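Engineer: Listed here are the chains, written in short residue letters.
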Amino acid sequence: MFKGKDIVSISDLTKEHIDRIFEVARGMIPIAKGEKKSKLLDGYILANLFFEPSTRTRLSFETAMLRLGGSILGFTNPSATSLTKGETLADTIRMIDAYSDVIVIRHPLEGAARLAAEFAEVPVINAGDGAGQHPTQTLLDIFTIVEEFGHVEGLKVTLMGDLRYGRTVHSLAVALSFLGADVHLLSPRSLKMPRHVLREMKSKPEIHEQIDEVIRDTDVFYVTRIQKERFPDPTEYIKVAGSYAITGDTVKKMKKDAIIMHPLPRVNEITPDVDSTLHARYFKQAFYGVPIRMAILALVLGVI
Amino acid sequence: MEEKVLKVQKIKNGIVIDHIPCGMALKVLKILGIEGDVGSTLTIAMHVKSKHGWKDIVKIEDRYLDDREIDKIALIAPNATVNVVEDYKVIRKHRVKVPEIVKGIVKCMNPRCITNQREPIEPEFKTISIEPIVIKCKYCGREMSGEDIVENII
Ligand SMILES: [Zn+2]
Chain A
867 MFKGKDIVSI SDLTKEHIDR IFEVARGMIP IAKGEKKSKL LDGYILANLF
917 FEPSTRTRLS FETAMLRLGG SILGFTNPSA TSLTKGETLA DTIRMIDAYS
967 DVIVIRHPLE GAARLAAEFA EVPVINAGDG AGQHPTQTLL DIFTIVEEFG
1017 HVEGLKVTLM GDLRYGRTVH SLAVALSFLG ADVHLLSPRS LKMPRHVLRE
1067 MKSKPEIHEQ IDEVIRDTDV FYVTRIQKER FPDPTEYIKV AGSYAITGDT
1117 VKKMKKDAII MHPLPRVNEI TPDVDSTLHA RYFKQAFYGV PIRMAILALV
1167 LGVI
Chain B
16 MEEKVLKVQK IKNGIVIDHI PCGMALKVLK ILGIEGDVGS TLTIAMHVKS
66 KHGWKDIVKI EDRYLDDREI DKIALIAPNA TVNVVEDYKV IRKHRVKVPE
116 IVKGIVKCMN PRCITNQREP IEPEFKTISI EPIVIKCKYC GREMSGEDIV
166 ENII
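Line order of the protein sequences matches chains A and B. Letter by letter, the first sequence follows residues 867 to 1170 in our numbering. Letter by letter, the second sequence follows residues 16 to 169 in our numbering.
Bear in mind the hints are in silico, worked out from the structure with no lab data behind them. Keep in mind that this is a model prediction, so the values were computed, not measured. Even glycine gets a Cβ: it sits at the ideal position worked out from N, Cα and C. Careful: at least some of the hints might be erroneous.
Said to hold, decoys possible - Pairwise CB distance ranges, derived in the manner of DEER restraints:
| # | chain 1 | residue 1 | chain 2 | residue 2 | range |
| --- | --- | --- | --- | --- | --- |
| 1 | B | Gly161 | A | Arg1096 | 24 to 34 Å |
| 2 | B | Leu57 | A | Tyr1103 | 52 to 62 Å |
| 3 | B | Ile145 | A | Gly1046 | 27 to 37 Å |
| 4 | A | Gly1168 | B | Asn28 | 57 to 67 Å |
| 5 | B | Lys45 | A | Phe1015 | 48 to 58 Å |
| 6 | A | Glu1095 | B | Gly54 | 52 to 62 Å |
| 7 | A | Asp885 | B | Lys108 | 45 to 55 Å |
| 8 | B | Glu115 | A | Leu1144 | 45 to 55 Å |
| 9 | A | Lys1121 | B | Glu166 | 46 to 56 Å |
| 10 | A | Lys1150 | B | Asn167 | 37 to 47 Å |
| 11 | A | Asn943 | B | Glu166 | 28 to 38 Å |
| 12 | A | Lys1058 | B | Thr142 | 23 to 33 Å |
| 13 | A | His1074 | B | Leu57 | 48 to 58 Å |
| 14 | A | Arg1055 | B | Asn28 | 54 to 64 Å |
Starting from the given sequences, assemble the full structure and let the hints guide the process.
Structural biologist: As structure tokens, this is what we get:
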């Protein structure tokens, strides 16, 4: 059901697809940690096409491929090379398609990964296109929740911070609603979730502006960064950012088994004293990116 | 009924587009690319009373429409009918239908959409609602409706 499949948008995947990815990812964890060796993708080449830099995502895909014994070619920021000078994305993809077995693409324009998938014979994995989709991030976010609680259904998940521009929270909100989570949205009024995302969600989320409304009964806090650039007035920024930060004090009001997630990098929205609490899961979440990407690579290449 | 005869003068050969939502007649012409000197007689009747309220009617002499053009009309006048007239008689009547896939008719309004770059693809949308009409870009996922569609007709 997976061989040759493009992973462009989370909505390309059924519940069965997601379950299968998670099942394979679980088996990949010892290999991702380096405890077990694998030659599963020996002889396969991954093309890592980063039309804009994103070091974390790129390294995560590279690690995934290398841990499975595969090889990598690629570039970051092609304007520095002569590769794409004046060339259409379609032409670049047609060329790379002939060199590789699977393509990972990160691009500043929305819809670029869908276009790449149309021109490539080999499977294409979207590693983020503009403000659009970033399905491997969404999958690792959901995987983190499932590994902690065993399920998503019925959990109270609060997405907080910048819900307007935050790339990762849009597809996550939609996916969580389809998986049966009780989604709550917490943000300043100027950074509310866009209406088109709310429309795509399966059930209407509850909307909040004060953290006190959700702090005591949320199971999963998904925190995103509020960027300074979004506020013309710096004092306004400091005030807003402060009221949506998770600190050692806020943590004390949380449920005993509540977890805190963050797509990283974090700045001030989670203070360092939270890292050592039992609630912090953001580093584990980042690690899960590797087994999730290993699972996706092995599945779309048809070796599993 | 006498009044109706006056407004809806018969044409010899051409098409009559009926049941256009009130005020949309000029936009229908824009979609069809009929602007300025077109070399045929145009008759536009706006704000005409009909069984179902007010409507616009457009008549174009000596001109026919292919399916692609008819699909375009459906995007702004989903209930329009296109009558093909030959020798003063209606020889065919089409009810326009909003296509499930809108391809190469509208461009995406999102300036950051890959379809607005120099790439060898046609913009493509999926119709996700008919009344009111909403289409969704296959590439960037942007939804468009109403005036946005009219303004982005290719
Ligand atoms: Zn688009």
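Engineer: A separate judgement is required for each hint: does it hold in the structure or not?
Structural biologist: Verification of the supplied hints:
1. Judged by the Cβ atoms, the range 24 to 34 Å given for glycine 161 of chain B and arginine 1096 of chain A holds: they are separated by roughly 29 Å.
2. At roughly 57 Å, the beta-carbon separation of leucine 57 of chain B and tyrosine 1103 of chain A lies within the given 52 to 62 Å, and the hint holds.
3. Roughly 30 Å separates the CB atoms of isoleucine 145 of chain B and glycine 1046 of chain A, a value that falls within the hinted 27 to 37 Å.
4. A beta carbon spacing of about 60 Å between glycine 1168 of chain A and asparagine 28 of chain B agrees with the range 57 to 67 Å that was offered as a hint.
5. For the hinted restraint 48 to 58 Å between lysine 45 of chain B and phenylalanine 1015 of chain A, the CB-CB distance of approximately 55 Å keeps it satisfied.
6. At about 54 Å, the beta-carbon gap between glutamate 1095 of chain A and glycine 54 of chain B stays in the expected band of 52 to 62 Å.
7. A hinted range of 45 to 55 Å holds for the C-beta pair aspartate 885 of chain A and lysine 108 of chain B, which are about 52 Å apart.
8. One distance hint, 45 to 55 Å for the beta-carbon pair glutamate 115 of chain B and leucine 1144 of chain A, holds here, with the actual separation near 51 Å.
9. At roughly 50 Å, the beta-carbon separation of lysine 1121 of chain A and glutamate 166 of chain B lies within the given 46 to 56 Å, and the hint holds.
10. In this structure, lysine 1150 of chain A and asparagine 167 of chain B meet the distance hint of 37 to 47 Å, their C-beta atoms being roughly 45 Å apart.
11. As the Cβ distance of asparagine 943 of chain A to glutamate 166 of chain B is approximately 34 Å, the hint placing it in 28 to 38 Å holds.
12. Distance hint for lysine 1058 of chain A and threonine 142 of chain B: a CB-CB separation of about 28 Å, consistent with the stated range 23 to 33 Å.
13. In this structure the supplied range 48 to 58 Å holds for histidine 1074 of chain A paired with leucine 57 of chain B, their Cβ-Cβ distance being about 56 Å.
14. Restraint check, arginine 1055 of chain A to asparagine 28 of chain B: a C-beta distance of roughly 60 Å satisfies the suggested window 54 to 64 Å.
When the structure is compared with the earlier hints, no violation turns up for any of them.
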